[in-house]
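Trainee: So you can see what is in the structure, the chains are spelled out below.
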Amino acid sequence: MTVDYLFFTGVNILLAWSVYIVLLTGNLSFAQGAFMAIGCYAAGIMTTRYGVPFLAAVPAAMAISAAMAVVFGYPALRIRGIYLILVTVGLTFCVRIALENFSYTGGVGGLKGMSGATLWHLGGAILAVGALLYLLSRSPLQRILDAVREDDRVAASLGINLTYVKLFAFGAGAAIAGLAGALYGHYLIFVRPDNFDILVSIFVVLYVILGGVNNLWGPLLGATVMTLLPEFIRALQEWRPTVFGLAIIVMLLLRPEGLLSFRLTSARWSGDAGGR
Amino acid sequence: MTAQILNGLIVGSMYALIAIGFTLVLGVLDRLNFAHTEVFMFGAFAGLLVIDAGFPWWLTLPFVMVVSGVIGLAVEFISFRRFEGDVRITAALSSLAVGLVMIDLTHKVWGTEPVGINVPNFVTTAGFTLFGIRVVYVQMLILAVTLALMAALHLLVSRTRAGRNIRAVADSPVAASLLGINVRRVTQDVFFVSSALAGAAGLLLAFRTGYANADVGLTFGLKAIAIMAIGGMGDMRGAVVGGLLIGVLESLTFQFGVGKLGELVVWVAMILVLLIRPEGLFGGGIHAKEVRA
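Line order of the protein sequences matches chains A and B. In this text, residue positions in the first sequence follow my numbering: the first is 293, and each later residue adds one. In this text, residue positions in the second sequence follow my numbering: the first is 9, and each later residue adds one.
FYI, nobody ran anything at the bench for these hints, they're computed from the structure. Keep in mind that this is a model prediction, so the values were computed, not measured. Worth double-checking, as some hints may not be accurate.
Unchecked claim - Here are the in silico distance ranges between beta carbons for each label pair:
1) A/526 with B/139: 53 to 61 Å
2) A/401 with B/245: 42 to 50 Å
3) B/126 with A/445: 55 to 63 Å
4) B/276 with A/359: 47 to 55 Å
5) B/13 with A/399: 28 to 36 Å
6) B/227 with A/420: 35 to 43 Å
7) A/419 with B/227: 37 to 45 Å
8) B/167 with A/359: 49 to 57 Å
9) B/13 with A/412: 57 to 65 Å
10) B/245 with A/507: 41 to 49 Å
11) B/175 with A/352: 46 to 54 Å
12) B/13 with A/538: 40 to 48 Å
As the list claims (entries may be wrong) - Taking lysine to any residue and the SDA-like style, the derived pairs with C-alpha atoms no more than 20 Å apart in a straight line are:
13) B/268 with B/283
14) B/268 with A/490
15) B/116 with A/531
16) B/268 with A/388
17) B/268 with A/433
18) A/404 with A/484
19) B/116 with A/522
Just so you know, even glycine gets a beta-carbon here, dropped at the ideal spot from N, CA and C.
Go ahead and model the full structure; you've got the sequences and the hints to work with.
Mentor: See below:
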């Protein structure tokens, strides 16, 4: 049981990071559950039907997931961020309906027979993704993402291709969600399209908002606390949507500028320069 | 075939009622109101309250519209007022949280299963035959009510002072406030009207299916958000035409035996529209492009 809790917490941490990296460009994705499903089914079909080794199927599933994100993200990100919300909501529905209706993916009954993912694989994945995100936060790319988020017009005038930067973040998020999905499926052995309901995507976004978006630790903290807390407090489990919803509403009301305001690296640096 | 088109028009008119609300709020505030789908869902349950209290069924519509309008005002107060100059997605997230709480509380009060709504049989099952198509009275009722509401809304927006203020704020909130328009008041008007329409749509859907279902917000209701994009963001005419179009297309795909894939129609149509004509079918959507005051 404890292993289960830890595993689901880890999957949620990966999903929260996948929302975080999209949010870095100022966009909101409600399709992380769908990308998780794509990763899960892609890896599952490869290992169970074609005998691909698990460790080779995972990166392939991540690539498929990212490719889907780029294909569907392009029409939306080309225009305006608000359209990405619509496209991602649609994608979540489409993926679920498609999985339920094609017999190739097992239909409503689901896909079974995957195995091989352990807590160690998940731990390794979290370390790797965390390390990459940490390196990203120290790299010039982070400042490009900051610029796109804070003022896209200025960013565009500096020669940054907004569409490509946003697509990159969206694709990277989808790859991370696909990784989470592949591990999730190979741990559960049996998955159904129900497992990737739109509520999964909505809750992951809420984890990130509750945890904070200042740095990569916020989503990690949010996902951990919000996954583990309901497992130990019975009342919280029953009233989960209400408690989470009210927590979000109250926190946004108390700190309207807080939860979604990013701390800019440049602000810290200019502060230092002023002090000297 | 004709029966399917009629059916599609009826479903489509309900989509249109919800989509108008999305597009009004987006047009005036440039923000997405995710609680809107749950106001739509709750319309049926508010109607259930009236019927269970022993009032005649036709009293439900005015009651539901007022209750939904008041919920809309509450949503504006909780999720939108505080985030005026803020990142756009803050209000979207806050309204999403309000929607989640509404679903959960409805589940807690009425249970997770759909609840039967008691409407006299002569409305829900009786009907007549016209040109070989069987028409049920409830279908006529839905068409009549949605047409009347849309006509009333059109008159409100195009002919009254309140409507002129709404158009002015939609065009440019800053300019409107400089000209002495109370932007907050206009925002409240918009939330009241859009939520009242959504509640009416929820009640009509419950009349048609015979059930009040707490899950329709995230299934039926969210499609309206795609219809808004298809018609053009902020364009009411587009929301109506888009809703009817998608309703008919959906019922035709069911007709041609593609089964549940009919659910995909609206999202595929939205992505196609975004690719080919990003400003929406009518292109009158004032917020298709980034607008800054």
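Trainee: May I ask you to test the hint 41 to 49 Å on the CB atoms belonging to residue 245 of chain B and residue 507 of chain A?
Mentor: holds, 46 Å
Trainee: Within 35 to 43 Å: is that where the Cβ-Cβ distance between residue 227 of chain B and residue 420 of chain A falls?
Mentor: holds, 37 Å
Trainee: Given the hint that residue 268 of chain B pairs with residue 388 of chain A, test it: the Cα-Cα distance must not exceed 20 Å.
Mentor: holds, 11 Å
Trainee: How does the Cβ-Cβ distance of residue 526 of chain A and residue 139 of chain B compare with 53 to 61 Å: does it lie in that range?
Mentor: holds, 60 Å
Trainee: That 57 to 65 Å hint for residue 13 of chain B and residue 412 of chain A (C-beta), does it hold up?
Mentor: Holds: the Cβ-Cβ distance is about 58 Å, inside 57 to 65 Å.
Trainee: Given the hint that residue 268 of chain B pairs with residue 283 of chain B, test it: the Cα-Cα distance must not exceed 20 Å.
Mentor: Violated, at about 25 Å.
Trainee: So does residue 419 of chain A sit 37 to 45 Å from residue 227 of chain B, Cβ to Cβ?
Mentor: holds, 39 Å
Trainee: For the hint 49 to 57 Å, verify it against the beta carbon of residue 167 of chain B and that of residue 359 of chain A.
Mentor: With Cβ atoms ~51 Å apart, the hint holds.
Trainee: Within 46 to 54 Å or not, the Cβ separation of residue 175 of chain B and residue 352 of chain A?
Mentor: holds, 53 Å
Trainee: Is the distance from the Cβ of residue 13 of chain B to the Cβ of residue 399 of chain A consistent with 28 to 36 Å?
Mentor: Taking Cβ atoms as reference, residue 13 of chain B and residue 399 of chain A lie about 30 Å apart, which means the hint holds.
Trainee: Given the proposed pairing of residue 116 of chain B with residue 522 of chain A, does the C-alpha separation stay at or below 20 Å?
Mentor: The given pair, whose Cα atoms are some 17 Å apart, holds under the 20 Å limit.
Trainee: Does the hinted range 47 to 55 Å hold for residue 276 of chain B and residue 359 of chain A at CB?
Mentor: Given range 47 to 55 Å: violated, Cβ gap about 18 Å.
Checked against the numbered hints above, the structure breaks hints 4, 13 and 17 and satisfies the rest.
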